[in-house]
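Work out the full structure, taking the sequences as your base and the hints as a guide.
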Amino acid sequence: MQQALAEKDEIICQLLENVGDISLNDKNSPPKASQKGLTSKPRVAKNTPPNKGKAPQRTLSGPSKLGTPTRGSKSKTSTPTHPTQINSGSASKKITPKKPNQVVMAELPRNFNKTKVCVCSLNHNLAFYAHIKILWGLWEKRPIPPAPNPEFLKEFYRRFSDAEQIQNVADKSSLPAMVPSNKIETFKQLSVGRKNIGQGIVHVEETFVQYSRSCLARMGLRIWCPNLEEPVDSLLNSACRIAAISTFRQVATAGAYDYMSINKTYLKEINILHQCYNHFVHHHMLERYTKETKQSGKFNAEEEKKAIQKARERLQDARYKFAVDQDFPMQYQKIISDIHSHSDDEYSAKHRKYVIKTLPFRSDLAKKIFCRLDKVMLDSNIAQGKRSNQRLRAPSTKPIMTLFPWAPKNLPLDFYNPEWFNNLQPNIRDLVLKSCNPQCLENILACVILNS
-3 MQQALAEKDE IICQLLENVG DISLNDKNSP PKASQKGLTS KPRVAKNTPP
47 NKGKAPQRTL SGPSKLGTPT RGSKSKTSTP THPTQINSGS ASKKITPKKP
97 NQVVMAELPR NFNKTKVCVC SLNHNLAFYA HIKILWGLWE KRPIPPAPNP
147 EFLKEFYRRF SDAEQIQNVA DKSSLPAMVP SNKIETFKQL SVGRKNIGQG
197 IVHVEETFVQ YSRSCLARMG LRIWCPNLEE PVDSLLNSAC RIAAISTFRQ
247 VATAGAYDYM SINKTYLKEI NILHQCYNHF VHHHMLERYT KETKQSGKFN
297 AEEEKKAIQK ARERLQDARY KFAVDQDFPM QYQKIISDIH SHSDDEYSAK
347 HRKYVIKTLP FRSDLAKKIF CRLDKVMLDS NIAQGKRSNQ RLRAPSTKPI
397 MTLFPWAPKN LPLDFYNPEW FNNLQPNIRD LVLKSCNPQC LENILACVIL
447 NS
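Counting along the sequence shown from 1, when you hit position 107 you're at 103 in my numbering, and nothing is skipped either side.
Please keep in mind that the hints were generated in silico from the structure rather than gathered at the bench. A hint or two may mislead.
Claimed, not checked - Pairwise CB distance ranges, derived in the manner of DEER restraints:
1) GLN380 / LEU420: 19 to 29 Å
2) ILE266 / ASP321: 32 to 42 Å
3) ILE266 / LYS405: 32 to 42 Å
4) PRO401 / ILE266: 11 to 21 Å
5) GLN421 / ARG310: 50 to 60 Å
6) ASN178 / TRP402: 49 to 59 Å
7) PRO325 / LYS371: 13 to 23 Å
8) LEU427 / GLU309: 20 to 30 Å
9) ALA303 / ARG154: 36 to 46 Å
10) ARG154 / ARG389: 50 to 60 Å
11) LYS290 / ASN259: 20 to 30 Å
For every residue, glycine included, the Cβ atom is placed at its ideal position computed from N, Cα and C.
Here it is as structure tokens:
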């Protein structure tokens, strides 16, 4: 019996020694990743999206909740055969134009943007666009391009049958004029000198007018007027494009646009000028023309609304700056900081003032605060001898509804018109009440009067 127990103890000791040797070998053996020469950084699977803005995920040790896979099953997280490619944020992505004739300025040469100046409402600031506007007679502020005269179209199409003839005529300056120079309608109402083109100023010289007229007369164009209802490559549109590019290159080489600091090296890049021409005429101006064709006056109404909004933003900036400089209460500055608290206006020739439009949600007390602020600002400028660009604004005798009827939030309750407030739906009224500031406007008005 004792001998049997001794044999069992000996077997148990041998087993314990074997287990200890195995554990030591596991600890001393290098990881498989290091044997393959791989780094210790975790691999990212190909289909795994980048972890943007999230905390790094930690791997938890211990038994998996999904259970231990059997020997016959293959691991789903096997090592990928190809290295993971991570796109760097600095890599530039090619932007494809949304429309056939649209040009993305990022795809043009960087220095070409310096063939500039502030003459185009596209914000591309190219002198070439100013040249097109002058030819088109678009020196008024943001106009709609006119449609060509049908009689002019018939006369032009009788002279030419393909674009090659037009190009040959444009290239040969020695050819006689097809139309007398005094019959050219373009530039008839244009006087030489400084002109406001879009958002900038252009100097129109006599040499520019004379050369452009001679070029149009030689090509049989009584008036430079692309037909936006025809394809881009129609005969008339091709002639207008050729005339615009050739006259621009000629007068720019002669120094007509030197004051704009244009890069003359790009005057030889006909392909780039061609793309920019199609972008401005057959994309940008075509959109304006299409809007006006679908609904008369729509484009002008949108542009007028943008101009009114800009004036409203300038008024808000002036008021807020004055309130901060004069250290008005923070509650008052908060009211002014919201653009929706300010009313827009329109000029009245009868009263020679800007009439304040009605905000339906604004109370009489709130109107009084803003009128008081305007008077304080005007008096302050007069007292300091400063020149004031402030508009003379007066309340309207009859309500004129605003173009921006969106009510601001998080303001004192007495800022809102009681009648407007009571007509709200109960759930909307509760939302307004929850966001209201407990500060009373009468206290704010008293602070303004004391500060002034």
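Contradicted hints - numbers only: 1, 2, 3, 4, 5 and 11
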